[in-house]
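Protein sequences appear in the order of chains A and B.
Under my numbering, the first residue of the first sequence carries the number 625, and numbering increases by one thereafter.
Under my numbering, the first residue of the second sequence carries the number 16, and numbering increases by one thereafter.
For the record, the hints were derived by calculation from the structure and aren't laboratory data.
Positions of the beta carbon are idealized from the N, C-alpha and C atoms, including for glycine.
Please note that a few of the clues may not be correct.
A few chain A residues that don't get close to chain B, going by computed Cβ distances all over 12 Å [what the hints assert, rightly or not]: (1) Gly681; (2) Glu716; (3) Ile737; (4) Glu844; (5) Arg939; (6) Arg945; (7) Lys964; (8) Arg980; (9) Asn995.
Each computed EDC-like pair below joins lysine to aspartate or glutamate, with the alpha-carbon atoms no more than 16 Å apart [stated by the list, open to error]: (10) B:Lys122 with A:Asp748; (11) B:Lys122 with A:Glu959; (12) A:Lys755 with B:Glu204.
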Amino acid sequence: MRLYEYEGKELFRREAIPVPRGKVACDVESAVQVAEEIGVPVVLKAQVLAGGRGKAGGVKVAAGRSEVPGLAAELFRLKISGFPVEKLLVEECLNIKRELYVGVSIDRVRYAIAVIACAEGGVDIEETARKSPEKIARVNLRVAEEMLPHQALYLAKAMGLKGAELRPAVDMILGVVRVFRAHEAKLAEINPLIITAEGKFVAADSRMSIDEDALFRHPELSQMGIEKRHEEGELTEREKKAREDGIPYLDLDGDIGMFPGGAGFGIMGIDFLVSYGGRPANFMDSGGGPTPERLAKMLALLEDNPNVVGIFGARFGGISRCDDFARGVVMFLKEKGLTKPMAMRMTGNMWQEGVRIFEEARKEHPEIFKNIEIYGIETPIEHVAKRAIELARARKEQGKK
Amino acid sequence: MAILVDDKSRVIVQGITGGAGSFHAKRMLEYGTKIVGGTSPGKGGQQVHSAPVFDTVKECVDETHADVSVIFLPAQFVLDGAVEAIRAGIRTVVVIPEHIPVVDMMKIREEAKKHGSLVIGGNTAGIISPGKANVGIMPDIAFKQGRVGTVSRSGSLTYYVADTLSSFGFGETTCIGLGGDPLLGTTFEEVLELFDKDPDTRAVVMVGEIGGVYEEMTPPRIKTMAKPVIAMVAGVHAPRGKRMGHAGAIIEGAMGSAREKLRVLEEAGAHIAHTFLDIPVILSKLGV
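Chain B on its own, in the form it takes in the complex (with noise of 0.2 Å):
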């Protein structure tokens, strides 16, 4: 199995007709996926490499009975495109675009619990389940069908850990950039309740980053869950950012740092890896 997409989903491109939208539609129907229509207010009734073109998102969703979407959209449309999508009964929505409104993402993740939908980005390159579905901008060369669930806020970090992983064996049942914008759809913490409830996952690998909340939100969920997680953070001698008053400090406390980030995640019980070629060399050790 898999989480999110597999070879089941279908799935939509939203700005299906624009450059990217078409370029990686090609390539992810390339790779197998069914992607079953897009929509492009205005070219309904066109097609895209086969697939149908409808004006709006909730005809799309009727016709096709699609239950993913992928977004190629410009930043200030996604607030529309997304809320759309989950409002048509789309159940995941993926946000390639990256400088999304602080408030536009806020809405959208309102409006996806309302509905039980997940928006997963801005600012990924989308959702990987090696040998059934590509869904994004992830190229497929990294990644084979196997045993471990990853989870990346960066696009190219991701690409590594997939490279290490089906080159030592290990392969990947899904594999989840969450995305590098400030404020995200989806947190870590999400992604870890579902890769825990996976069968098919035996260990999850999370990469973070200097900055956000996110991998500090996760240590309730590592404690509790069945699956061993291996967590790596990029930026431990990154020179220090800039920082956003008071509030920011007030509210979000010594969060931030990747020491900081790392300190949490082990205390959890994740197992830390430093480099790409530690992960191999800890999920052998645990048997996975």
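So that you can see chain A by itself, here it is in the shape it has in the complex (with noise of 0.2 Å):
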């Protein structure tokens, strides 16, 4: 879970970490008031969850006063990968003579915390990382382990550093580990660390991730309005429905529409309709065990997007059982009604009560499963998919005619 530039510098500054004196302004009057509070020039900084900022433009730099309003006036009209500009930080320049880089994240591979530190901060760091990884310099702990001074002074001397340099640049190193520990981050990067032309040694930007998953145990974040965001930019109408309630739900471009069990199978399901030479509409996960009322809603989904045409539904029963499959497949038709086709193939755990669930309800309502195909565990999933994408190209060559 991402956090914004002020609130990881929040979180610096309260570990003494040295960060440039802003302040942040929702609208344009309060961006002026706070650049006459600094003093010009200021740098202008939209707030986002997406990275890509200052390609986008999302950075300006105010040299005199009259330049604020129209600076952050454009600021709040722009979208950055999604995300409307609802925030700036209105921060002081700085005289910058150095660039570097510090990270903290975790490794996956070593199970370790991976202490990063690179002479050359800025955009480019990854492009550094990947044409001259010895520029890199890494410490790795283990999750309880301390960070040592001298761990952090060799990768402080590994940058280049020396003299009255090595002292400053030791305790940013100390403190944004601290900062990653005491709040759980996943990551926490402070690029670029600039050294100034005064000397001075400060964190001009923040990026910074918490684990979510440990959310619970973190009041202090609460207490900073940080709670669980999501990152996803800006979200179709059907995504924010799905959102509302509770269904992981993305919008694809195509046309066959993904009614699957869990999230395995919903990438999987993707891979093998495109390989068959038909096109998802969408990615789902009904999650474990869904109710009968979570499945309807997971089909309304689809029979109310219009560029569905078809649909393709999978249900392997492990901890979501077959029976409550069925019941909100047909809670979903005899409420609501499908209209488009559909090939679902469904077994696993208690797959005989689902189909009895189903013989009873077509026994009594043959006309609500007309567009309906449904399947066992003696056809293979992968004829179910090419099935459903048949059905999707039968209905669109009916509605040509």
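Each of the two chains sits in its own frame; use the hints to bring them together as a complex.
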């Protein structure tokens, strides 16, 4: 879960990491006010939960007071990776002499906390890491291992710092490791770490991501207003609706609706459809043990989506049982009805009961099943995927006539 | 034979008095799994489906000589539960819940390494050795005893693979759900090593998916294994996910994309299956 730059900097400040003087502004007027408090020149930085801000024009320097309102208004009109700009961070301008990089993250291969430093900070750091890995210095810590000053000193020396530069660099490295640990971050990055012309070390930017699974034990973050948030940028109307119902859902640009069981098959099913010449309209996950109501809502998302021509359904009952699945589908068919053709397969835990529920409902209301083909364990899922594509094609042909 | 769990495994359920713990304890018992006890602090002395309940894992292990534990606790209690189990002498700990904090899983893994135990998960469907023991939440209908070992990150994909292996007559020695959490207690590479040593396992099917590093860690093992590995990776056509800062890219490089995973697996000598139906075809060609 990403933090805004200003939130990360507040956490930095609490661990005595120097950050530029600055404040958050939510509109043009307060941006002007902050600029007056700090004194021009100031830098105006769009606050969004996405990278690529600089390249999107999200950072502006106002050399004089008169430039602030225009630049601030321009930034508030911007969208960066789908995120509207709702806040600006207005900060003092720094006289940059050097830009370094310091970052802390989880190394999942080594099961370690990796503290990384590089003499060349800035936006090209990944390029540097790829092309000249020898320029990246790192220390791996075990999960409960304390970072000792000499380890930070080695990193500072590896960045080519000397003499009076070493002490402030060591303090900053130890500080960012403390920030990382104190709030259970997955990432804490100072990029760039700036040495000013006056010789001061300042964290000019912060990039932080928190382990949202550990938020329950960090009341200090909720006190700062840091709570679970979505990071996908702009959502489509359907994605918003799905989110309200607690259904993981993404719109894709095809015409075959995916009505899968778990997330794993949700992803693999997309691969199957594409490799058989179909184009999936969405990704969806039912989550473990979905209720019939939730399953009905999932189907409604596809029925109401005008892009969806046909539906590919799959249920392998594990923790989520086939009888619940069948109840959800029947509930949807009775209450709302499916106008789009669907090929689906159902097997796994309680499949006999699932089949019985379908058969009973079909006897009672044969008309609600007229667009639906239900397969069982005897038919491989690959065939059902192909059948869904055929049904969607046939429907499209019908539409043309 | 099988790996990690078999008909001799003595299994306990941590959180046996809860809804999920009790429901799945019953299913596991019905399958023939030796559920010898369970834990729930404050409920010691009770019984669930004839299994005795203890306050602590230590008492439970002392009394029942259990060697496998399956955890049905809320995520925030898994650190305590798993470490207690490891310290009490449990050899294999299966973590069913998802969303285990990363720091907690790192601590659990360190403790497991120290004691020579193995932690599977979190967010796993469990382990099943068909015909012998079912530890977790997997639907037994999909599984038949046989000669292929399988390991997968996703529950639903595990069932499809098992279903395919069963209907084509290969069956499985053991099927392991590695888990869907971002940091896992055990890696693909470690499971491949176990399967390689198991005399009854003739080949291994591993099913990966987009994201993470565990598939990319396997090539050195695959290259030295005596048994063939069939690999599948979901997410070749998935929309590109979000990335995690520069540090993630510096540490993990190109790792994470389905195509990159397939590339390194194929280069290491794994046989790539694009659909479930490819698996029996490959196995037949290999004479498994």
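Tested hints:
| no. | hint | verdict |
| --- | --- | --- |
| 1 | Gly681 | holds, 20 Å |
| 2 | Glu716 | holds, 25 Å |
| 3 | Ile737 | violated, 8 Å |
| 4 | Glu844 | holds, 16 Å |
| 5 | Arg939 | violated, 9 Å |
| 6 | Arg945 | violated, 9 Å |
| 7 | Lys964 | holds, 22 Å |
| 8 | Arg980 | holds, 16 Å |
| 9 | Asn995 | holds, 25 Å |
| 10 | B:Lys122 with A:Asp748 | violated, 34 Å |
| 11 | B:Lys122 with A:Glu959 | violated, 50 Å |
| 12 | A:Lys755 with B:Glu204 | violated, 28 Å |
This entry does not satisfy hints 3, 5, 6, 10, 11, 12, going by the numbered hints stated previously.
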